[in-house]
Each structure stands twice: as C-alpha cells, then as structure tokens.
Amino acid sequence: MKAHLLFPDRDYDAKLTAPPQWADVAQDLEIQTLLVAMAQDDPFLLDVSAHVLMAACGAADAEVVAHRQGALRDVLDHPEQVRALYALVVEAIDSRKKHLFGLGLFGRYPSFNLRGAVELLQTFVQFLQRLRQQADVLAGSFRSAAFSTLFSSLQRDISDAYFDTVQSHLETLRFRHGVLLSAGLGAGNAARDYVLHADAAERPGWLARLLHKAPPEFTFRLPDRDEAGAQALSELVDRGLNDVANAMAQATDHVLSFFELLRAELGFYVACLNLYQRLAGLGVGLCLPAFERSGSWRLSAEELVDPTLALTLERAPVGNSVRADGKTLVAVTGANQGGKSTFLRSVGVAQLMLHAGMFVAARGYTGELASGVFTHYKREEDAAMQGGKLDEELARMRDLAAGLRRGALFLSNESFASTNEREGSELLLQVVDALRQRAIKVVLVTHLFDAARRMGAEPDGKALMLRAERREDGSRSFRLVVGAALQTSFGADLYAQVFGA
Amino acid sequence: MNDPATTPLESPRASGSAPTAFYSIVYPSAQHEAAAVPQDLAAVFHDLFLQSIFDTVYANFLPREQPAYFVASRSDDEAPYRAEVLQILQSLFRTPLQDPDVVRYRQDALRDLQQPALLRAAQRFQQALRDMREHLRRADKAYNAIEGQRWFVDAVLTYGHALQALHQALDAAEVQSQAWLAVRAHLAQLLDSDAQRVRLQQAQALVDDLGRLRYAVRIDGTAVTVLRDPAEPDYTAIIADTFARFRQGEVKDYRTQFAAPAGLNHVEGQILDRVALLFPEVFDRLARFRREHDGFAEDRVLRLDRELAWYVSWLDATQRLSRAGLPVCFPRLTTQQGQIDARDAYDMALARQRIDAQQPVVLNDFALLGQERMIVVTGPNHGGKTTLARTFGQLHHLAALGLTVAARSASLLLFDRLFTHFERVEDIHNQRGKLQDDLVRMHHILRDATDRSVVLMNEIFSSTTIDDALWLARRIMQRLSEIGAACVFVTFLDELATFDAHTVSMVGTVDADDPTIRTFKVVRRAADGKSYALALARKFGVTREQLLERIPV
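Going line by line, the protein sequences match chains F and Y. Residue 357 in the working numbering sits at position 357 of the first sequence; the count goes up by one each step and never skips. So the number in the working numbering is just where the residue sits in the second sequence, counting from 1, plus 1000.
By construction, these hints were calculated from the structure, which means they are not laboratory data.
From the derived model, a few chain Y residues whose C-beta atoms are all more than 10 Å from chain F: (1) 1031; (2) 1036; (3) 1038; (4) 1045; (5) 1046; (6) 1101; (7) 1197; (8) 1285; (9) 1295; (10) 1528.
Here are the simulated DSS-like pairs of lysine-lysine, each with C-alpha atoms no more than 27 Å apart in a straight line: (11) F/462 - F/378; (12) F/2 - F/97; (13) F/2 - F/15; (14) F/327 - F/378; (15) F/15 - F/97; (16) F/389 - F/378; (17) Y/1252 - F/97; (18) Y/1252 - F/2; (19) F/98 - Y/1252; (20) F/15 - Y/1252; (21) F/462 - F/327.
Built from N, CA and C at the ideal position, the CB exists for glycine as well.
Construct the entire structure; sequences and hints are all you get.
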C-alpha cells in the first residue's frame, strides 16, 4: 500500500540530510517567506515543504520533476477535492487521540493491548474505507500517473471484500466464546510454543460427546473464590495472546504510518496549492516550467518575478523577461536598488521550484535542470567577525567548491566587494572563469566595473550583460535591459533622494 | 643399583600397564585412602599463610554471605553440595601424603588435566552434574506428580550424556595417568552396562515422545477444556498477513517478556493431569520410569564430580600465576634428606596480593644439599626473611598434597611432619610467660621431630636478652642437628649463622646505593653483622652526630 505521489518509485523520506549549501541558499533566497506562505500556519506543511525544497537545491531528476508536474496539474485542476482528501487523512491520524492505546499507553498485559489495538484498528479501518470511497469518486477525473497509481492502489488494497475480511477478524479477536490455544510440552512438562487458533471448527454438541462420536475432551472449572487460579489462568491467556496482540499493535502502527506517509505526500501538494492561490491572488503570473537536460544552456522566461518579494509587498512586482539561451554567464550591473538582487533571487527561486516539481513565478519559462543550486552572497558586517571580511568570503567560496560539479547553477551577489576594485575584480574573474570552464552556469550581480567590463568584452558571445535601468529623472524602473556595464552606479541619485536635492 | 629411597620419583609411562579399577581421582585405592591420616595443622596453616592460599584457591566453595535483607531472597539450592565439597577439600588439604605412590598418582592426574581439551571436558562434566542436581531438586519439589516425573527423566538424560561426553573426551585426549585411565575404563564399563543402556534409551524415547505431543486448551471464563490439537492454522500468522499490505518499514516489538516460572501452578497442573488422560500410553510409561529408576547415579561418578574441584580450582589458580609471568612446576620428592633444591621460588599468597596491586614478585632460591640441614636467615627487618621461611614451608606442604608448586624447579623432601614455630604477638606484660611458652612449644617439636621432618622457626626467643637468646638457640640448634631434620631458622642473631657443618647462611640483601631500600632477594652469603637500623636513622637525621648538631647547647 504505497503513496508514491512525490517520487515515481519510492516513498518520501523525512530523514534525508540537507545538502551542505542549503543553509546559505535558504537564507540568501529568502526561502522562509515562501515556506510560510506554503504552510499557512500548519507546522506539518511547513516541515514537508522545507524538506522538499531542501532536497531541490541538490541535483534534479527529470523523471521526478515530470512526475510531480503531472500530479500538480491534477491538483490545480481539483483544488477543493485535494484539500478534502488531505483533511480526511489528518482526521484519520487525529482519531487515535480518542483511544488510550493510540497515545502509546500500552502495558504489560497482552489481553489489554489486544483489546486496545482492536478498537483503534476498528476506527482506522473506517477511515480507510472513506479514503477508498474518495478514490472511487476521484479516480476518473485525475489523469496524472501519481494520482492514478494512488487511487488504483487504494481501490485494490481496500476493496469491499477486504473490508469484510478485516471486520470478521476484528470480531473474532474479541474472543467472545473463549480463547483456543494449542501447545507442546517442554522442560518439566511445562507448556511451550503456544499457538493461537480461531476456533472456527464446529463444536460437537453434548449428545455427540455422550455417544462418543466426538474426540475426547476434559473440562474443569475454577471455583468462584479462587483468585490465585484466576490470575494463573489470565497469565496463561496472556501467553497465548502475546503474539497476536503484538501483530495487532504492529498493524495499527503500519496503518498509522501509511496515513502519515500519505499526509506528507499530499501535504506537499496542498502547500503548493496554498502558494499558488496566494500568488495568483496577488496577480503574479504562474506557469508549469518546461525544462531540458543539464548542459543545454537553456534559460528563457517571460515576466519572471521574485515570489518572495510579491509575498512581502503583497502585490505583483515588476517582472523581467530573460533570453539567456546558450549563455554560460549572466552578469547584472547598474543602479543601486534597481532590481538586480531581486532578479538574481527570481532566477534562483525559479530553479529551486523547478527542481521541486512546482510551478514557477513567470508567465512562461523554459530552463534546464541543474546538478545543484549554490549561492555566494555579500554578508553584513559582523562585529564579531574574526579575520577580515575577505577571509570569510574566501572561506565560503572554498566550502562551496567542495560541492560544485558540472551542470551546477552558481548565483553570486556582490562577491569580493569587501576589497578594492582591482583585487576584487581579479578574484571574481578567476572564480567565474574557472566555473564556466567546468560547465557551471554563473549568474551574478556586481559593482566591480573592471570585472564587468572584461566579462562583457569576451568575443565568444556566451555572456549576457544586463543593466538595472535608471530613468532620466533618476527613478528606477526595476526592469533590466541588455547592455554593458556603465562606469558609475548612480549613487548620486540615491544621495539626492535621501538628503534632498 | 636401584635404591628406591634415593631414586627421585618419576612418573612411569603408563602404556602397557593394565588399568586398575577406578576408586577415586585423589586416591588410587581404599587402602591408600585409609592410610592417609589428616593432621591438626591450624597453627601451621596460620603461620605459613596456607589458610589464605586455600581460601583463595577454593573460594567458590566457601559459604556465601547472606544477601542484605533488602535484596530479594533467592534460595541457594547448591549450598549443601558446596558444603560437601568444601569438607572434602579441607580434609585433603590437611592430609599431607606419606606415600610417594599417591603423590605420583595425583601429579600424573594433574598433569593430564593440564591439557586444555581435557580441562574443558572436566568443567563441562561438572556443569552437567550441576544441571542433573537441579533437575532432581525440581523433581522433588514439584507439586504436580507428572511435572516431577518429567524432571526426573531429564536428570537421567543429563547424567547419561555427561558420562558419554567425558568418556569421549578421555578417548580423544592422550591420557597417561593411572587415575584418568581408570576413570575412562570405569565410564566405559558403566556406559556398556545393560542397566545404563536401557535406562538411557527409555529416557530418550520418553523425552522425544513427550516433545512431539501437542494438545489444545480452550479457556472460556473460568471453564478450562483440554482437548486434542485441532490442527487449525496459526491465527496470528493470518492476522499478520491481513495487515501486511500497510507495512511501511520496521516497527516496534510489543511482545511482553514473561519471567521463567519456578514450577507449574495449580491451574497448569490440572491441565497437565488432563493432558495425561488424552495420551495415557506415554504418561503411564513416564510414571513407571520414575518408579523404576531411583538411585540411577553411580557412587564413584558422584565422588569424581566432587573431587574434580581439587584439581580444577588449583589449575585455575596456578594458571593465573603463570599468566602473570611467574613460574609453576611439578616438584620431585624424595624421602631422604640432603636433596632439597628449589630455584626461583616465591610465596604464593604474597604473590597473589602483589599481582593484584600490579607490583613485581621477587623470586629466590634455597637448597639443603649433602650434609646441609639448617638454613639460618639473617638481615634487615622486613627484608624477606620470613617470606623465605614461608616459601620453604608452603612448597613442602603443597608438594606433599600432590599439587604443583610456586617455583621454576623444585626437589623437595616428602616429610613425615612439618613443624612451625613463628612468633606470636603476646601481651607485653607477660614476658616471662612468653619465653616459657616458646620453650614448651620447642620442646614438643624436638620430641616429635624425626630425620624426615621439616622445622621452621621465625624470630623465637625475641623476648629475652641477646645472651640468653644465643645460649638457648645454640642448645636448640644442637638438638636439631642431632635429629637431622631440615630446618629454616629466621633470626636477628648473626652469630648463629656459622653454627656447625650442617648450617647454611642466607642473608636478605639491600640496595647497593641506599641501604634503606630492601630488594627482597635472599642469597647464600655470610652474615653481615651490619646494622641497618643505623642507616635508617641517618636518613631521617636522627643519628647521634646529627642530633648533636641540631639541638642547641
């Protein structure tokens, strides 16, 4: 009984460790904002979403992305039904709180454990039936491989016949007519190897026994006041029920773990739905991205937007159209606060969401899968910093280098700005050069004019130079235009703005 | 010319000699046992630390402390057995052998048992008999007759298998001692006997048949019904199967652990009684077996089990010494004086303490060869003199028990009696009484000692003046010289070291650089006449000159 909504061939694994660069990536791309919108106050959804995006900053798998996009299409087509299904699973999981057994309060007595497990499973089985009924209703209209597999699996494994079998077992397990155990003789002729039986055979009546037409049996009764005897008897029953009580307790664990897995896998899509509805409500253009394999150097988008900015501003921000097919480097220079960092972030977040199998915040998007997403951003001055800021930047770069591979996406925001322009330029060029030679795509924002000039001067045409626009009156359009770097960055404009003309 | 009195006792190669009937593993025959008379050696054991050695080696058989009242009381059912064995061991330990044949008998048995495979087999044999005793106890204590009968059968089986296993091990090992060869023959005889064969067969058949039985019990409220196995499938498996489809991974084990019960309670007993009604044939056989085979364990086998401890515990203790790098050997024994020669010997009790404290053990030689009869040991206090005397005594006594001794090699006297006269701590006001006691004890020794005796004296006559002590000591030494016993005399009276032609002088040595440091090496050398006390005083700055300098006029 598998869910397989997130992966075509395996379960969601909550215990996967984060890729080493994740902490920086999450901070630099402001993923927290995204997660909060996905979770909508459900800490479980926050957890699942964080997990999936964390995995997304590693290498992407085309089959997984396609699988999820298919599922997402179904989800976006049937949002209310998916939310209802998710709510049903949550209700199933919460139902165990009504049972002592469900809260983990089992004890040393198998007969008590068995009773508790039977009751809990009775409740669970009813939820399984309701799930199956939902599958019946939805199976026809969901087209993705993911959901089709889920529904057909539910229909096959929780058929009416199965439900009847389970009910019959749950009834037998109440042992209303006594417990039947078989045993052998061990050391000192003590009983050993107890085996429980369902006692299904017809019991011969007293007449048959009288006429010796039935196999021999001998009965005795404990006297009413025999407490020691009653205790001995109940311990005997406990020994006999030990294994089946264990099996039933484990069965409740199995079913519960199935519900929890289903919750995680459905939960991710509910979180995507939350985000989609939020962003769409703000007027942000969204689409399911097309993608090619790593190394195709594809990157082309219409109205690409930074979704975290949208969530913060609570309106659709200015988007950018990018034509970077065949480019191994995209370099952005230009006016302060002109939208450069925002652009960088929109590229990074889109790549993450693509890897995660989600939609992206653009009206159209065709990209490529990467072997990992890496960020190297300028950090704030830290009074407690040991060594210089440059030391810290170089150390971070060294750590990143350990994980960089061909096909990675490297995002740099004002790297090496902590030293003078000449040195900084040299450092930056060396890094960028090396990465590009190793077939790593670089997208960067910089004020280092020297570096920018040399990047733009390359004859092979593999670099795209973009500039943050500054209008005549000094205001920003927040759009990037194609163009070489300009010498100054118009700090004068800002100064005037802040200090008054 | 073969003089049996001077020929050292070697162990003969046993091949070719017909094994004699097995009697015991510590005595070749009943007559040999009757001839060995235990002695009252409490004082000797105290002086030579032999009691401490016994208590350490045979610690397992000493009575256990009662647990504190707050510890759940557990009945110690093996206690009577251990007490029996302790008695046997104590008796053996205080019976130094006079007959070289018995010494050889035991040494050979011990030598064989040093083979690891045979030692393991002996230990397993002991464990098996312990199990048998446990089964017999449960057979006795059982409230339900059928339960008791079953334990009895298990006891018979355990016993039979123990005999087989030990016999097999003896066959496989290369045993050469008269003792073990006799055991092997005895076991073969037992195992071959009709009685044992039939009994074992019946027991095995019973256990097999009972093991194959299956019955069923239905419990409905207070009604318990015993019936034949319904041959229905295992319902637990069906349940597990039904829910297997939801399994995602490993889950907890919720099974309850049940404590092993001490016996059947009365409900189980009633069920068992009815199971017997379902299968009357087997259970009748069981009851009959119990009636017919009481007293199945053979006396000599039971005795072997008890006496094995004598060797096994000794081996264990001496192997610990070997592992610490100390030598252990089989001594050669003679009944003639003038052949005592031990190399790298040490005090076993002291060695155990030093090993525990991870300190080194000093090894010493001693000898009384040819005409030599008395070693006079002098030297600094606490320099190892008394230890040497103890070592001499320990080696001799343990050799006379047929055991290995704490030395690299040893040729020793098989004495008729061993006397010790060690200083007793006395009341300081009773000076005259102490001297009198010393003399009375000495008088008894001189009366009973022969030219085959060993006499050990430690710091006697220390409660009187030096002149008196010298005078008395010389008289005593004269008497001992006439008797011809082997003696060790530890004393501070250096003058005695050159008493007569039979006297050997040994001296405790000190460190060459710092005379206040003892080496614990005692060597053959003329007495020093040095006063070590002065060197010590100098070290602490309290010689006369030093004091005169320190104290102002």
